[in-house]
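Engineer: What follows is the residue order along each chain.
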Amino acid sequence: EAQVTQNPRYLITVTGKKLTVTCSQNMNHEYMSWYRQDPGLGLRQIYYSMNVEVTDKGDVPEGYKVSRKEKRNFPLILESPSPNQTSLYFCASSFDSNSPLHFGNGTRLTVT
Amino acid sequence: AQTVTQSQPEMSVQEAETVTLSCTYDTSESDYYLFWYKQPPSRQMILVIRQEAYKQQNATENRFSVNFQKAAKSFSLKISDSQLGDAAMYFCAYRSADQAGTALIFGKGTTLSVSS
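Top line first, the protein sequences correspond to chains A and B. Residues 69 to 180 in this note's numbering are what the first sequence lists, from first letter to last. Residues 10 to 125 in this note's numbering are what the second sequence lists, from first letter to last.
Simulated from the structure, these hints should not be mistaken for lab results. If a hint is listed, it holds; no wrong ones were tucked in.
From chain B, some residues computed to sit far from chain A (all C-beta separations above 12 Å):
1) Q66
2) Q78
3) V123
Derived DSS-like pairs: lysine-lysine, alpha-carbon spacing no greater than 30 Å straight-line:
4) A:K139 with A:K125
5) A:K133 with B:K117
6) B:K82 with A:K125
7) A:K125 with A:K137
8) A:K85 with A:K133
9) A:K137 with A:K86
10) A:K85 with A:K125
11) B:K117 with A:K125
12) B:K82 with B:K117
Where a beta carbon is used, it is the ideal one built from N, C-alpha and C, also for glycine.
Can you make the complete structure from the sequences, with help from the hints?
Structural biologist: Dropping the structure here:
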């Protein structure tokens, strides 16, 4: 089944404790991206990648890192999480930057 | 910069009735894509319908159709014969076709409730 898989689905952590949210897609998509969803703000792009070893900042990149060492994986790294990073995070992928995005099931992150 | 506006934070409809969700956008580009995504309580993001700006014909997917007015920069979603399973938050989104790698820009969403 074609899908984007994010893990974990729920994560509670404390300020400053490094964490990684994994994302993997099995559709051989070139384009991958991360969004955060906050009430009243919709979804905003954090980072995106157009291919292996190519990543770029989105609209809200501060406090996040990503890597794209393999085509299928695009992890989101929070080196020192803070409470304002409490949010619902989505990974998404598409065949190219003009195709519809396929979303993962989301990761609910709480930073206390 | 492009913006997407959904002016209806909440809408309600009765089963079997028709409802229209509004979306307007602002752009100076001529080539772009517009989307409607559905987010049910499971929080999964599901693509409902897609419209290419250079196509004048309105997109249709079963009970879902759009009214795309390019000059007015309007992209409304019509849901016909509403079902309980249509209850969700709906997001309108814009994506540039001119600039590679650009983000999908979302509106703030409309919560649709369906009553029996």
